[in-house]
Every structure is written in C-alpha cells, then in structure tokens.
Amino acid sequence: MNDNIKLMGTEDKQHSQFALLKERRFWPLFVTQFLGAFNDNAYKNALLVLLAFGGATWTSMKLEVLANFAAGLFILPFFLFSATAGQLADKFDKAWLARWVKALEIIIIALAAFGFWLHSLPTLLAALFLLGLQSTLFGPLKYAILPQHLRANELVGGNALVEAGTFVAILLGTLTGGLLAGLSGGIVFIVCVCFIVAFGGFLASCRIPAAPAPAPELKISLNPFSEAWRCLGLARRERSVFQSILGISWFWAYGALLLTQLPIYTKTVLGGDESLVTALLAVFSVGIGAGSLICEKLTRRRGRIVEPGLVPLGALGMTIFGLDLALGSPAGASGELQPLAVMLQQGSTWRVFLDLLLLGGFGGLYCVPLYALAQQRSQVEYRARIIAANNILNALFMVLIAVGASAFLGQGFSIPALFLCVAALHGVVTIYIFSVVPEFLIRAMVWLGWRRE
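Heads up, the sequence shown is in this note's numbering, so the first residue is 16 and it goes up one at a time.
Hint data in this document are derived by calculation from the structure and do not stem from the laboratory.
Heads up, a few of these hints could be off.
Label-pair ranges, simulated between beta-carbon atoms [to be verified]:
id, residue 1, residue 2, range
1, Ala125, Lys37, 29 to 39 Å
2, Ile446, Pro354, 18 to 28 Å
3, Tyr447, Gly350, 35 to 45 Å
4, Ala141, Arg166, 22 to 32 Å
5, Pro354, Cys436, 41 to 51 Å
The calculated lysine-lysine pairs, modelled on DSS-like cross-linking and capped at a C-alpha distance of 30 Å, are [as the list claims (entries may be wrong)]:
id, residue 1, residue 2
6, Lys282, Lys234
7, Lys312, Lys37
8, Lys234, Lys106
9, Lys282, Lys59
In this text, a Cβ means the ideal position worked out from N, Cα and C, and glycines have one as well.
The whole structure should be built from the sequences, with the hints applied where relevant.
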C-alpha cells in the first residue's frame, strides 16, 4: 500500500465533512451541482408528466415511445460530448468553465419557455437535449475540481456530500416537476421555478474559487469517438482507477434500473398508488445519502484518507438486500390501488422499505470510495478526462441495462425476477472487479480486523 493514503496528525482525524459546507472552497460547488441536478430532473419529469396527461395535444406518437425517446435524448450528450467536456476541464480554469456552463443553463431554460409558448414539442425536446449537454460539460469539472480545492483527508467527505446532495436533488427535482406539471397553469410555474434555480446556480458558480488548468497547452479534439477512446485509454493506465470507474458505472446502472422500475413495481406487484411510489423513492434516496455520509466516519476508523475496503462491504450489502427485495416481493397486486397509509399496515411493505433503505445505504458505501480512489490516483494533467471516461461508461451501462431489462420483461418475466437477476449479476460484476484488483478485498479484511495492517 502507498504510505501517502495514511492520515497524519490528530487534528485531521477530528475534521468533520459537514464543516466543508461552511467553506468557500466547497459550498459554492456543492450548491451549484445541487441546483443543477434539481433543475435537470424537475424539467425532465415535468415534461414527461405533461406529455403523459396531454400527449394528444402535443404529438400523435405513442407515449411509451416518446418517454423512452426523451430519456435517450437526455443521455445522448454523455456519449457524444463527455470526451470534449473532459478536455475543456483539463485545458481551462474549472471555476471559469463552471460559470459558462451555468450561463448556458439559463439560456436553455429560456429556450424551454419559448417552446412552451409555441406549444412546440421539438423545441422542448431540444431543450431537454441541451440540458443533458450542460450536465455533460459540468460532470468532469465537478469531480476533477475536488482534489484541487480539498485536502487529501477531505476527499472522501467531499465526495460523500456531493453524492448525498445529488440524490436528494434528483428526488426533490423529480417530485417538484411532477407536482408543478399537475397544477392548473403549471407551465408558468415550471418555467419560473426552473429559471430561478438556474439563475441561483449561476450565482453560486460565481463564488467557486479559481481552479487553474492542469494542461493549458492541450489541443482540443472535436472528434467525439477518437477522443472518447483516448479518454478510456488514459483511464486504463492505472488498473485500480479503471476498475473503480467500472464499479461506479455499474452502480449507476443498477440504481437507474431500480428507479425506472419502481413505479410499475409499486402498481403491479405491491398494489400501491403514487404516494407509495414517492415514499419508496424517498427512502432509497435517503439510504444512498446516509450511506455516503457514513463513509468518512468508517474511513477514519483505520486512520486513512481513502478506504478501498469499504467497497466490498458495500457490494455485499447491495447483493444481499437486492436479493431480498426480489425474493420478499408479494405475488402480485389485485384489486384497487391502495394509498400509503393503507400499505403501511402490511408487513411486506415494511420489508420493501427496509430493503430499499439498506440497498441505498450500502450503495453509498460502495460508490463514494470508488469516486475518491479514481480522483486520488489519477494524474493531475488528465484527471478531468478520466472523469469523462467514467461518464461515458456510466451512460453506456445505463443504456445497456435499460435495453436488457426491456428485453427481459418483454419475454414475460416479472419485475421481481428482473431484480433477482440484476442482484445476482451485481455479485458477479463485483467478484470480477475484486479478482482483478485484490487490494479491495485485502483492505476489507484489514478494516474488519481480520488481517494486520
């Protein structure tokens, strides 16, 4: 093991991750990314709800096809422009770049407002695509800037706060978008809220301290395919970094599948209405946030800056509670859908709540050390491009698992059967990663006290 991942001094051990929220080197970035994640999901869900309940006035396309097309439009920029985003974040000051990206978000919301005024679905979908683009541009600089502004012993705590904040923002944005879309005159509220949030994100980005470019001489390549391959090649130079990226990408694919299937699972398997869907989403998000925040405390138990040993523990928990979610599911709903208050009287509902809470909690333990490890062990001059490679693989994994899930369910299998297969596949993926990088398992044994330091 490298000695540089040991903590030095008692003062560092007493550092609290929440203290970062008071410091300018962190809180503007945190607020900027929180508001950005909120806005993306608020607009996306509001648009989908509007189309779901008034689709005939917008287009003759089938709702199911339109919903998948819209989701694909949002993800597409991550394939096309992540490599370019990584180059930009390595070439230019990241704080300066963040301000330009947030200014772009304000323009995109103005375009969306114009689309609502024209009642133009192509314009609204173009705005959705552009929101995906600005998220793509912000992703590499968001994670690459953390090692520049945080001390080594703050890296896990900073990543934990970012991950917890991101999932809370996704949840709040999704709920807010759906709520506003259901109001009378909801379009006005949607535009106003999204514009205020975008402007707030821009103001917060203006407070991000300078983060000098590590490679100002870099020549930007506009070929997305060759540059994406080059970014993946940079990530593969350090085995632990590349395997960490694979683990992160699988985590996002697993989480995306759960979030996508939860509404249908709630309706057809549990027999609950929309209120139960909201509660399940909230529990899962809270679990990920709590697991992420606990990472720092567990890391410092062994006096380390980054603790790879937490990853196998997180992976094991995700497998166990993913399997229990599948095996403990009811046979299927029958009769009228029940509200949350009625569903809480059933023991099976509480079991699902507990499974999702712990699945999310162990997911936080799994992904935060992987992010910190990828950042810490990446070369400074191309760290943002490695984060870009991570985003490319994230998008690829999410698309592949969505296609696989559609094919699986199309063969007549149930959603619990899908959850069972994915939980088992999660075990296979993590075993592969740990076999390639034994450090994860070795550190887990040290952390548990089964092996000497």
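Hints, verified against the model:
Between alanine 125 and lysine 37 the beta carbons are some 33 Å apart, a value that agrees with the proposed interval 29 to 39 Å. Our hint of 18 to 28 Å for isoleucine 446 and proline 354 is violated, since their Cβ atoms are close to 41 Å apart. Between tyrosine 447 and glycine 350 the beta carbon distance is about 44 Å. The supplied range of 35 to 45 Å therefore holds. Checking the proposed 22 to 32 Å range against alanine 141 and arginine 166 shows it is violated: the Cβ atoms sit about 42 Å from each other.
Between proline 354 and cysteine 436, the C-beta spacing of about 31 Å breaks the proposed range 41 to 51 Å. With a C-alpha separation of about 52 Å, the suggested pairing of lysine 282 with lysine 234 is violated against the 30 Å cut-off. Simply put, lysine 312 and lysine 37 have alpha-carbon atoms about 19 Å apart, close enough for the 30 Å limit, and the pair holds. Taken as a hint, the lysine 234 and lysine 106 pair is honoured in the structure, with Cα atoms around 8 Å apart against an allowance of 30 Å.
Between the alpha carbons of lysine 282 and lysine 59 the distance comes to roughly 22 Å, so the proposed pair stays at or under 30 Å and holds.
Hints 2, 4, 5 and 6 from the list above are not met by this structure, while the remaining hints are.
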